[in-house]
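A.B. asks: Numbered per this note's numbering, the sequence shown spans residues 567 to 748.
Worth flagging that the hints you see were computed from the coordinates, not collected in a lab.
Just so it is clear, the structure is predicted and the values come from calculations on it, not from any experiment.
Glycine included, every Cβ here is placed at the ideal spot set by N, Cα and C.
One or more hints might be untrue.
Here are the computed distance ranges between Cβ atoms for each label pair [claimed, not checked]:
1) K664 <-> N627: 19 to 29 Å
2) T631 <-> N687: 31 to 41 Å
3) S661 <-> T631: 38 to 48 Å
4) I578 <-> S626: 12 to 22 Å
5) S576 <-> D671: 35 to 45 Å
6) M615 <-> A745: 15 to 25 Å
7) N593 <-> L637: 12 to 22 Å
8) M615 <-> K746: 38 to 48 Å
9) K670 <-> E623: 32 to 42 Å
10) A621 <-> K649: 16 to 26 Å
11) W588 <-> Q634: 18 to 28 Å
Quick list of in silico lysine-lysine cross-link-like pairs, DSS-like style, CA-CA up to 27 Å [to be verified]:
12) K651 <-> K746
13) K735 <-> K664
14) K746 <-> K719
15) K746 <-> K649
16) K746 <-> K636
17) K636 <-> K598
18) K598 <-> K665
19) K719 <-> K658
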Amino acid sequence: MMYISMVALSVIDTYEQHQAIWELFPNSSERKRDHLFRVENINTSGQVMVLLQSASEPQSNVKATVLQSKLFDPQISQGEYYKFKLLANPTKCLSQGKKVIEIKDENEQIQWLQRKLRGANVTVTALESVLVKSRKSFTSRFVCFEGILQVDKPDQIYSVLVMGIGRKKHAGAGLLSLAKAS
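With the hints as extra help, turn the sequences into a complete structure.
C.D. replies: Following this line, the structure appears as structure tokens:
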């Protein structure tokens, strides 16, 4: 069981978002990350709307207001088709993992996603690059993938759903959302 929540943040910088999200879990032991989030939009008043998936229920704080939260128990079935959305930071390692670079080519980004989603047949229907800036790090290229996947191995897809995909999870990447395709 997990929680899925909609949260309004009063901070725009990705590092400050990361801090505000952590503060939603004041009783978290040993500061273990058990949550993923994705910025959905920024409204006209400057509030950042975030979709949050977590192992424990979030609690509002000064910088982050939980608008709604509900228990979430995804049932993933073999052979089923799901619509998906993922904001990710596709990268590859060069020279035995010592240097990490972002993947900029769209075909390579789709191949990266297919490797990460082993256990499903993936069809990407939309792909959009987004540059994300933070005062604490360099500008990163996030890619918003949308499409359809058919599940071959439910356990593998469930694991990816819980753990997230790729790097920069602290900055809002890696949350895979699934909805049954009709």
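A.B. asks: Now tell me if each hint is right for this structure.
C.D. replies: Evaluated hints:
1. K664 <-> N627: 19 to 29 Å: violated, 38 Å
2. T631 <-> N687: 31 to 41 Å: holds, 39 Å
3. S661 <-> T631: 38 to 48 Å: holds, 45 Å
4. I578 <-> S626: 12 to 22 Å: At roughly 18 Å between Cβ atoms, S626 and I578 fall inside 12 to 22 Å, so the hint holds.
5. S576 <-> D671: 35 to 45 Å: Hint holds: Cβ distance 37 Å, inside 35 to 45 Å.
6. M615 <-> A745: 15 to 25 Å: holds, 18 Å
7. N593 <-> L637: 12 to 22 Å: holds, 18 Å
8. M615 <-> K746: 38 to 48 Å: violated, 24 Å
9. K670 <-> E623: 32 to 42 Å: holds, 38 Å
10. A621 <-> K649: 16 to 26 Å: holds, 24 Å
11. W588 <-> Q634: 18 to 28 Å: This hint holds: roughly 20 Å between Cβ atoms.
12. K651 <-> K746: At roughly 12 Å apart (the allowed maximum being 27 Å), K746 and K651 satisfy the hint.
13. K735 <-> K664: Holds, because 20 Å separates the two Cα atoms, which is no more than 27 Å.
14. K746 <-> K719: holds, 16 Å
15. K746 <-> K649: Between K746 and K649 the Cα gap is close to 6 Å, so the pair holds against 27 Å.
16. K746 <-> K636: With Cα atoms ~18 Å apart, K746 and K636 stay inside 27 Å; holds.
17. K636 <-> K598: holds, 21 Å
18. K598 <-> K665: The hint holds at about 26 Å.
19. K719 <-> K658: holds, 25 Å
Checked against the numbered hints above, the structure violates hints 1 and 8; every other hint is satisfied.
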